[in-house]
Amino acid sequence: MDRFSKFDLGGFLARQGILVAFALFLVGFTIANERFLAPDNVMGVIRSSAILGVMALGVTFVVISGNLDLSVGSMMSFSTIVVLDLHDKIGPTLAIPSMYAMVLCLGAFIGFLVGYLKLNSLIVTLGMLSAIHGLTLTYSGGKNMDIADKEGTWFSFFGQSDVLGIPVPILMFALLASLLGIILAKTPFGRKVYAVGGNGTAATFSGIRRARVVFTCYILSALCVATAGLLQASRSLGSQNTVGQGLELEVLAAVILGGASLLGGSGTIFKTVIGVLILGFIQNGLLLVGLQFYVQYVVTWIIIILAVWLDIAAKRGKLWSPIA
Amino acid sequence: MTDQTPALRLEGIVKTFPGVRALDNVSFSVLPGEVHALMGENGAGKSTLMKVLGGIYQPDEGQIVVSEQPTVMTSPLQAKSKGIVFIHQELSLAEELTVAENIYLGELPKKAFGLVDWQKLYAQTNVILEKLKVGFDAKTRVGDLSIANQQMVEIARALTVEAKAVIFDEPTASLTDAEKVVLFDVISDLQAHGVGIIYISHRMEEIFKITDRISVLRDGQYRGTLKTAETNEDEVTQLMIGRKLDLSRNETHHDLGAVALEVRDLSCGKLFRNISFEVRKGEVVGFYGLVGAGRTEIAETLFGLREPTGGDILLNGEKVHVSSPADAIEKGISLVPEDRKGQGLVLGMNCRDNMTLPQVSDLKAGPFVAEGAEIAIFDQYRDRLDIRTPGWKQLVGNLSGGNQQKIVIGKWLSMHPDVLIVDEPTRGIDVGSKSEIHNLIRELASQGYAVIVISSEMPEVLRVSDRIVAMYSGEIIRTFTSQEVTEDNLIQAISGINPEKAA
Amino acid sequence: MAPGTLSTFLKRGAIWGFIVLELVFFSVAGEFLSLSDKAFMDLDNMLLLFKQSAPIGIIAIGMTIIMINGNIDLSVGATFALSAIVLLDSMTWPMFGGLGDGVIPLAWGLALMTGVVLGALNGLIVWKTGVDAFIVTLGSMLGYRGLVFMYNGEQPTSHLNWTLVDLAESQFMGLHTPTWFLIAVTAVIWFVMNKTVHGRNAYAIGDNRTAAINAGIRVGPHFVINFMIIGFLASLSAVVFYSESGSVNPNDGELYELWVITAVVLGGTKLTGGAGSVLSTLGGVLAIQLLRKGLGHIGADTETVNLVIGLILIAVLFLDRQLNLKGREALKT
Numbered sequence: 001m002d003r004f005s006k007f008d009l010g011g012f013l014a015r016q017g018i019l020v021a022f023a024l025f026l027v028g029f030t031i032a033n034e035r036f037l038a039p040d041n042v043m044g045v046i047r048s049s050a051i052l053g054v055m056a057l058g059v060t061f062v063v064i065s066g067n068l069d070l071s072v073g074s075m076m077s078f079s080t081i082v083v084l085d086l087h088d089k090i091g092p093t094l095a096i097p098s099m100y101a102m103v104l105c106l107g108a109f110i111g112f113l114v115g116y117l118k119l120n121s122l123i124v125t126l127g128m129l130s131a132i133h134g135l136t137l138t139y140s141g142g143k144n145m146d147i148a149d150k151e152g153t154w155f156s157f158f159g160q161s162d163v164l165g166i167p168v169p170i171l172m173f174a175l176l177a178s179l180l181g182i183i184l185a186k187t188p189f190g191r192k193v194y195a196v197g198g199n200g201t202a203a204t205f206s207g208i209r210r211a212r213v214v215f216t217c218y219i220l221s222a223l224c225v226a227t228a229g230l231l232q233a234s235r236s237l238g239s240q241n242t243v244g245q246g247l248e249l250e251v252l253a254a255v256i257l258g259g260a261s262l263l264g265g266s267g268t269i270f271k272t273v274i275g276v277l278i279l280g281f282i283q284n285g286l287l288l289v290g291l292q293f294y295v296q297y298v299v300t301w302i303i304i305i306l307a308v309w310l311d312i313a314a315k316r317g318k319l320w321s322p323i324a
Numbered sequence: 001m002t003d004q005t006p007a008l009r010l011e012g013i014v015k016t017f018p019g020v021r022a023l024d025n026v027s028f029s030v031l032p033g034e035v036h037a038l039m040g041e042n043g044a045g046k047s048t049l050m051k052v053l054g055g056i057y058q059p060d061e062g063q064i065v066v067s068e069q070p071t072v073m074t075s076p077l078q079a080k081s082k083g084i085v086f087i088h089q090e091l092s093l094a095e096e097l098t099v100a101e102n103i104y105l106g107e108l109p110k111k112a113f114g115l116v117d118w119q120k121l122y123a124q125t126n127v128i129l130e131k132l133k134v135g136f137d138a139k140t141r142v143g144d145l146s147i148a149n150q151q152m153v154e155i156a157r158a159l160t161v162e163a164k165a166v167i168f169d170e171p172t173a174s175l176t177d178a179e180k181v182v183l184f185d186v187i188s189d190l191q192a193h194g195v196g197i198i199y200i201s202h203r204m205e206e207i208f209k210i211t212d213r214i215s216v217l218r219d220g221q222y223r224g225t226l227k228t229a230e231t232n233e234d235e236v237t238q239l240m241i242g243r244k245l246d247l248s249r250n251e252t253h254h255d256l257g258a259v260a261l262e263v264r265d266l267s268c269g270k271l272f273r274n275i276s277f278e279v280r281k282g283e284v285v286g287f288y289g290l291v292g293a294g295r296t297e298i299a300e301t302l303f304g305l306r307e308p309t310g311g312d313i314l315l316n317g318e319k320v321h322v323s324s325p326a327d328a329i330e331k332g333i334s335l336v337p338e339d340r341k342g343q344g345l346v347l348g349m350n351c352r353d354n355m356t357l358p359q360v361s362d363l364k365a366g367p368f369v370a371e372g373a374e375i376a377i378f379d380q381y382r383d384r385l386d387i388r389t390p391g392w393k394q395l396v397g398n399l400s401g402g403n404q405q406k407i408v409i410g411k412w413l414s415m416h417p418d419v420l421i422v423d424e425p426t427r428g429i430d431v432g433s434k435s436e437i438h439n440l441i442r443e444l445a446s447q448g449y450a451v452i453v454i455s456s457e458m459p460e461v462l463r464v465s466d467r468i469v470a471m472y473s474g475e476i477i478r479t480f481t482s483q484e485v486t487e488d489n490l491i492q493a494i495s496g497i498n499p500e501k502a503a
Numbered sequence: 001m002a003p004g005t006l007s008t009f010l011k012r013g014a015i016w017g018f019i020v021l022e023l024v025f026f027s028v029a030g031e032f033l034s035l036s037d038k039a040f041m042d043l044d045n046m047l048l049l050f051k052q053s054a055p056i057g058i059i060a061i062g063m064t065i066i067m068i069n070g071n072i073d074l075s076v077g078a079t080f081a082l083s084a085i086v087l088l089d090s091m092t093w094p095m096f097g098g099l100g101d102g103v104i105p106l107a108w109g110l111a112l113m114t115g116v117v118l119g120a121l122n123g124l125i126v127w128k129t130g131v132d133a134f135i136v137t138l139g140s141m142l143g144y145r146g147l148v149f150m151y152n153g154e155q156p157t158s159h160l161n162w163t164l165v166d167l168a169e170s171q172f173m174g175l176h177t178p179t180w181f182l183i184a185v186t187a188v189i190w191f192v193m194n195k196t197v198h199g200r201n202a203y204a205i206g207d208n209r210t211a212a213i214n215a216g217i218r219v220g221p222h223f224v225i226n227f228m229i230i231g232f233l234a235s236l237s238a239v240v241f242y243s244e245s246g247s248v249n250p251n252d253g254e255l256y257e258l259w260v261i262t263a264v265v266l267g268g269t270k271l272t273g274g275a276g277s278v279l280s281t282l283g284g285v286l287a288i289q290l291l292r293k294g295l296g297h298i299g300a301d302t303e304t305v306n307l308v309i310g311l312i313l314i315a316v317l318f319l320d321r322q323l324n325l326k327g328r329e330a331l332k333t
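Residue numbers (our numbering), protein chains in the order written: chain A, 1 to 324; chain B, 1 to 503; chain C, 1 to 333.
These aren't lab readings, by the way, just hints derived from the structure by calculation. Quick caveat, the model's predicted, so the values are computed rather than measured. The beta-carbon is built from N, C-alpha and C at its ideal position, and this holds for glycine as well. It is possible that some hints are incorrect.
As the list claims (entries may be wrong) - Here chain C is said to cover these stretches of chain A; the calculated rule only asks that three of the stretch's residues, wherever they fall, bring their Cβ under 8 Å from a Cβ of chain C:
1. 124-137
2. 182-193
3. 252-260
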């Protein structure tokens with residue numbers, strides 16, 4: 001069993017490469033600008049990543065179970081618009097649970113289609129991306145949504161306040177990440193998610209109710225999306241219909257960056273959080289060294305390709321694809 | 001005939017993998033116009049040899065000689081260009097394309113500007129199809145053809161080149177009798193054109209019907225070549241297994257308990273009809289039959305994977321409806337499935353997690369999985385089943401076939417089922433692990449489990465079963481006790497002949 | 001009838017049946033609900049419909065071959081935007097100053113080249129690294145969009161060339177220039193996919209990649225060619241559209257990939273590759289555009305269009321599943 005005892009640098013880099021890259025980034029940017037790792041800057045980065053991060057947590061479950069969720073962006077717009085609208089109509093105390101209920105219904109619908117009817121998740125969620133976008137526009141009549149009395153509402157608590165000196169969005173992100181991380185890593189349900197994504201047939205043959213597991217993953221994803229919408233609405237107290245547009249792919253990028261395979265069966269919440277933070281810190285670091293925000297797109301592109309490439313290169317033992 | 005130049009000759013081929021000498025000095029030759037059978041048990045090295053011939057593996061020693069030209073094979077495609085063509089067991093066709101496009105896949109005739117020369121394509125294809133006397137057209141979509149006709153398309157591919165040797169790998173596995181006749185005609189036609197044929201099959205009657213010589217491999221070694229006309233099945237079998245075929249019966253007996261599972265007139269569409277049998281506690285019932293006889297489908301129905309169209313299932317005397325595997329497990333039925341990697345295991349998960357997967361919801365400490373309890377279960381069954389693994393963290397995908405199968409068996413034993421169904425328990429497993437698993441099955445019965453063993457290997461069924469159910473084409477032909485069963489009446493039964501009924 | 005033929009037939013014919021259904025429905029419903037007196041199937045209305053279908057349609061034709069090939073391209077929207085910027089900006093470059101309208105073919109050429117290069121880059125990465133096309137193009141969707149912003153910041157890029165505008169707005173035999181482009185692209189790509197060795201090999205690769213590789217088809221170069229084609233078509237779409245509008249925002253083309261994929265799937269192209277048709281994709285594009293116009297015609301909010309299209313996409317998937325169900329005997333996994 002020599003193979004197991006020898007330290008294997010390639011294998012280590014393949015498994016932990018994303019952490020190594022993250023560390024290199026932090027060092028590099030810190031050298032370039034000493035403000036980079038200052039507490040207020042770090043806090044700022046995490047805070048601005050929190051909404052994306054919360055959504056990525058739910059999508060991690062969906063991806064590990066072997067599916068995709070492209071509807072999270074437009075679902076986030078929907079939840080933001082709905083909660084803002086209801087805020088003035090029925091007050092924040094009722095608006096928040098109502099919004100959660102509606103978004104969970106959408107999640108349940110997707111979960112039913114993908115889990116129980118076994119429809120292709122890419123197409124279902126692509127359709128839902130469009131449908132929910134339409135739903136949002138219909139709901140709002142295409143207009144921006146604003147809270148009338150922006151000063152006098154406690155609703156801004158979720159997006160704008162601090163508790164013990166830590167911004168609430170960071171707390172919510174951390175709380176959800178810990179909770180979902182524990183569920184995924186430590187509970188029977190989490191184990192089943194890995195099994196269903198790793199080999200759905202074998203999971204069924206082991207008595208796992210696969211449809212129910214997939215369904216629950218979409219419910220969790222909806223729950224995260226609703227929370228992200230809440231944070232977004234509370235931060236801005238007003239919103240366009242398209243606030244979450246395009247986020248679905250950024251979220252997916254963060255999850256993939258964290259090392260989850262689109263084939264399912266691998267990934268962790270911790271790694272997703274790292275993926276989210278990498279995206280956030282790259283953006284911030286580039287800004288600090290005087291580059292525009294959009295440079296991060298190009299950098300993210302390169303990092304995603306490199307991360308996934310090195311991962312599969314390590315698995316096949318060859319850098320270049322053997323395909324002719 | 002022996003004076004001829006061989007179409008293909010292998011000289012002292014050696015191929016080793018870490019720890020295994022997969023091919024050990026294999027030499028034999030195929031003459032033009034000869035049908036040469038290649039035989040050997042599973043794992044004897046036939047498929048490795050084919051991969052060497054096809055250039056997928058490079059031999060460590062020895063050489064391949066095509067028409068007296070030493071040749072280095074680099075890929076199946078290059079082998080084809082040298083006149084060595086493979087007809088694979090698994091079809092490799094593009095279903096959405098036409099017959100003609102599949103036959104000339106990768107070699108479509110071109111006109112100027114990269115256009116396909118359809119006229120030429122169809123003309124060439126029709127020539128080949130006429131040779132094969134098939135009943136379909138060059139423009140038919142391959143996905144619309146029957147499996148047998150798809151196989152004809154594969155064969156037609158071989159005829160696009162000036163073939164020197166054609167290798168058939170279990171070509172009749174999915175063919176009807178009528179289709180076999182056509183295939184044999186094609187083979188004799190190739191023969192008449194001076195092509196050498198390597199014919200790989202387990203089916204003795206075919207071998208004796210169409211081949212000229214038989215070469216045998218055992219444990220990676222070349223065991224000799226026999227002239228078909230001068231030998232018999234026994235001699236070939238002995239060469240293959242190195243001893244007389246072990247047809248020893250199960251000799252252990254113990255008292256049987258109450259009926260654990262009773263099935264009455266169970267049917268599922270065209271898959272199987274009016275199946276009735278019972279299994280007692282402490283009894284092993286073997287299901288024997290050809291591939292496609294409906295045995296696996298019965299197991300799947302009992303395990304809640306198929307909805308029966310008629311009949312009853314009784315567990316411990318009570319009528320039950322099994323709606324899903326989860327339901328089956330709750331009711332005390334477990335299934336060790338036929339396809340270990342596809343259905344039995346999550347290869348990317350570790351040994352422990354695979355073993356405890358069906359009961360992970362029950363192994364809880366508060367809301368969490370009780371990992372200590374899991375490890376205890378894994379340790380218990382690792383010791384009991386002698387599973388060789390560095391530890392529970394090892395990914396199941398890294399284990400050998402035998403150890404993987406033991407993980408699956410351990411997974412179900414740890415659930416303490418009333419009825420354990422084992423489908424092809426030793427497929428693709430080395431000889432040593434095989435007998436371990438056989439002993440284990442007997443041991444389970446003695447502990448009071450009701451066990452159903454489905455197998456396509458007669459020695460296996462004879463060795464483990466108290467009673468043997470012979471199936472043919474979706475029906476039970478006859479049930480034997482281990483005392484009354486003989487090789488002959490068992491083989492007749494699975495070919496659809498029941499002397500008792502006929503008499 | 002051989003098994004599967006009915007469902008195959010429905011799949012192939014379904015999109016045109018659906019279009020007829022839409023036409024009938026909106027015409028009849030329009031009679032009762034419409035706020036205007038104009039008939040829905042008015043000639044001008046239909047001509048406009050074709051013209052408006054062109055930008056998405058041209059890209060969708062390219063996506064069809066990518067998906068037949070077993071890949072996907074999420075970066076088309078960004079490629080579209082970058083090509084548009086190159087088109088408009090290059091016309092103002094001083095080195096082309098003295099050319100007058102002679103700058104037009106140069107600008108078109110540069111824009112189209114942009115798409116081809118970006119497509120080739122995607123294709124090469126997919127080929128050489130072996131990373132799935134979904135991930136590669138998800139990355140380049142971000143990356144190419146970054147290039148768009150880097151070109152001109154967050155400012156719109158504008159340049160109106162009146163000769164171009166006239167050309168884009170002109171009609172030939174009643175059809176607008178963009179419509180002609182859409183027709184030409186459909187015809188050419190149909191020809192490529194059905195008549196050339198490259199096209200047939202692309203089907204074979206998507207259908208059974210292992211078989212194709214074993215038959216000696218060089219999978220990688222085919223990937224690259226197809227990605228170059230879709231890059232070219234994304235640029236062509238930009239060229240057609242921005243010649244007329246003359247101004248591009250850095251966010252233009254966002255979500256195009258999703259619209260395009262929707263059209264291709266409605267047209268019945270198999271997600272796993274190997275089956276699909278350029279003509280059916282054209283049907284999918286027209287169906288979506290018809291729906292947009294029709295809902296407007298009967299007085300529904302234009303906002304509901306997205307809702308309806310999304311639900312139809314899911315309904316199509318559901319129907320496809322029902323048609324392919326194997327009955328009670330099937331294995332429940």
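*For the region 252-260 of chain A, does the count of residues with a C-beta closer than 8 Å to a C-beta of chain C reach 3?*
holds (count 3)
*Has the region 124-137 of chain A got at least three residues whose CB is nearer than 8 Å to a CB belonging to chain C?*
With 12 residues in contact (Cβ-Cβ under 8 Å with chain C), the coverage given for the region 124-137 of chain A holds.
*Taking a Cβ-to-Cβ distance below 8 Å as contact, does the region 182-193 of chain A have at least three residues touching chain C?*
Coverage by chain C is violated for the region 182-193 of chain A (0 residues, Cβ < 8 Å).
When held up to the earlier numbered hints, the structure conflicts with hint 2 and nothing else.
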